[in-house]
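Chains A and B supply the protein sequences, listed in that same order. Going by the UniProt record's numbering, the first residue of the first sequence is number 1, and it counts up by one from there. Going by the UniProt record's numbering, the first residue of the second sequence is number 1, and it counts up by one from there.
For the record, the hints were derived by calculation from the structure and aren't laboratory data. Misleading hints may appear alongside valid ones.
One copy or two, either will do: identical chains are not told apart, so a pair holds if it fits within one copy or between any two.
As the list claims (entries may be wrong) - Derived pair list, reagent style DSSO-like, types lysine-lysine, alpha-carbon separation capped at 27 angstroms:
(1) LYS113 with LYS205
(2) LYS112 with LYS54
(3) LYS113 with LYS143
(4) LYS41 with LYS127
(5) LYS41 with LYS182
(6) LYS106 with LYS54
(7) LYS113 with LYS53
These numbers come from a predicted model, not from an experiment.
Okay, here's what each chain looks like letter by letter:
2 protein chains.
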Amino acid sequence: MADEEVVVLGFWPSMYGTRATIALEEKGVKYEYREEDLSNKSSLLLQMNPVHKKIPVLIHNGKPVCESLIIVQYVDEVWRDKAPLLPSDPYQRARARFWADFIDKKVFDAGKKLWSTKGEEHEAAKKEFIEILKQLEGELGDKPYFGGERFGFLDIALITFYSWFYAFETFGNFSREVECPKLVEWAKRCTHRESVSKSLADPKKVYEFLLGRIAG
Amino acid sequence: MADEEVVVLGFWPSMYGTRATIALEEKGVKYEYREEDLSNKSSLLLQMNPVHKKIPVLIHNGKPVCESLIIVQYVDEVWRDKAPLLPSDPYQRARARFWADFIDKKVFDAGKKLWSTKGEEHEAAKKEFIEILKQLEGELGDKPYFGGERFGFLDIALITFYSWFYAFETFGNFSREVECPKLVEWAKRCTHRESVSKSLADPKKVYEFLLGRIAG
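Could you build all of it, start to finish, from the sequences and the hints given here?
Here you go:
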């Protein structure tokens with residue numbers, strides 16, 4: 001498809017924004033990335049996502065698509081010829097959607113308790129967070145990717161949290177290698193992909209960003 | 001498709017469970033409905049949705065699909081020949097998914113404040129709830145259905161809240177006819193469909209159920 005204008009409004013540490021760029025990279029779609037200052041949102045962001053006023057927004061030929069998992073599905077449906085992201089089987093599609101929704105409902109909310117709680121509450125938060133990782137590891141099983149032999153929708157949904165793992169692990173005082181070694185191997189496999197390595201924020205920088213936010 | 005076994009685990013006042021049965025009715029799929037006692041969940045529910053332990057669950061030939069909007073998409077993808085629910089155009093699909101997600105993020109959380117708050121907080125809750133309705137009415141515009149000329153995915157996502165409107169309106173002390181007349185007309189149109197009228201709980205019974213819960 002020629003003469004297409006594809007713009008992504010994002011914010012560098014966002015695990016949601018990064019999903020949009022990985023999906024576009026997988027499809028080989030050219031796009032312009034615009035970094036948003038969330039303390040001073042652009043008029044374009046407010047105009048394109050008036051309901052939530054949040055990144056990411058994918059703007060395709062002037063029309064906005066909002067919410068990261070909806071963006072990934074949209075990208076998959078528009079650029080169908082290359083790198084299918086969702087499985088073709090309806091049951092497997094439902095399953096991928098279920099676990100992506102699980103990630104959105106659980107991972108960040110549980111993760112942020114790792115730096116916002118102390119004492120017993122922190123111990124409970126750590127236990128909860130590790131349990132979530134183990135549930136995800138259970139869904140991965142012995143497959144190379146959540147998508148099976150192929151990197152796909154659910155891989156994109158989760159790998160963008162990779163940038164946050166150093167922070168989760170450090171604040172949580174646990175070792176991901178000990179707790180979820182298969183997930184660590186999966187993440188390495190994903191980060192070897194150019195689509196992923198180009199898009200992900202540096203985990204140490206995310207940690208520093210977070211320290212700044214906590215202090216600030 | 002013959003010899004298929006389709007079971008829905010639901011709970012009569014649930015706006016989420018009802019989405020599954022409306023989708024199946026639209027497609028003309030025969031199914032068995034099993035009412036769950038949420039204070040004493042069946043071993044089948046716990047086995048079929050071990051992650052969230054929630055209704056609705058659609059069990060299709062022994063395999064579970066969980067989360068209501070995922071179920072509706074699954075039903076649409078498996079029984080493709082009749083009554084398409086999601087639009088065929090990717091942009092319109094993304095838009096329908098966006099507003100369905102908006103409903104799930106906003107309507108119930110805002111609605112329950114109508115019976116759990118007092119005074120100024122209640123006034124703010126009422127204002128917030130009416131604003132959400134107006135946003136949805138804006139998306140409907142002058143179309144007969146959210147799906148355009150055809151009843152579809154987003155119509156299913158919202159109409160199941162109809163059973164709760166008497167409660168929202170009574171606790172919120174507002175008139176839906178005054179605040180969102182187009183949405184009222186749309187709802188009437190939807191409830192004339194057999195798929196909807198067969199599935200929806202009686203609004204007065206939902207109100208009484210809620211009074212019992214509040215008292216209880």
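Right, here's what the structure says about each hint:
1. LYS113 with LYS205: Within one copy, since 20 angstroms is at most 27 angstroms while 39 angstroms is not.
2. LYS112 with LYS54: Close inside one copy (19 angstroms) and across copies (25 angstroms); limit 27 angstroms.
3. LYS113 with LYS143: Close neither inside one copy (30 angstroms) nor across copies (44 angstroms); limit 27 angstroms.
4. LYS41 with LYS127: between (36 angstroms within a copy, 25 angstroms between copies)
5. LYS41 with LYS182: This pair counts as neither: shortest intra-copy Cα distance 39 angstroms, inter-copy 33 angstroms.
6. LYS106 with LYS54: For LYS106 and LYS54, both the intra-copy (19 angstroms) and inter-copy (15 angstroms) Cα distances are at most 27 angstroms.
7. LYS113 with LYS53: both (25 angstroms within a copy, 23 angstroms between copies)
Hints 3, 5 from the list above are not met by this structure, while the remaining hints are.
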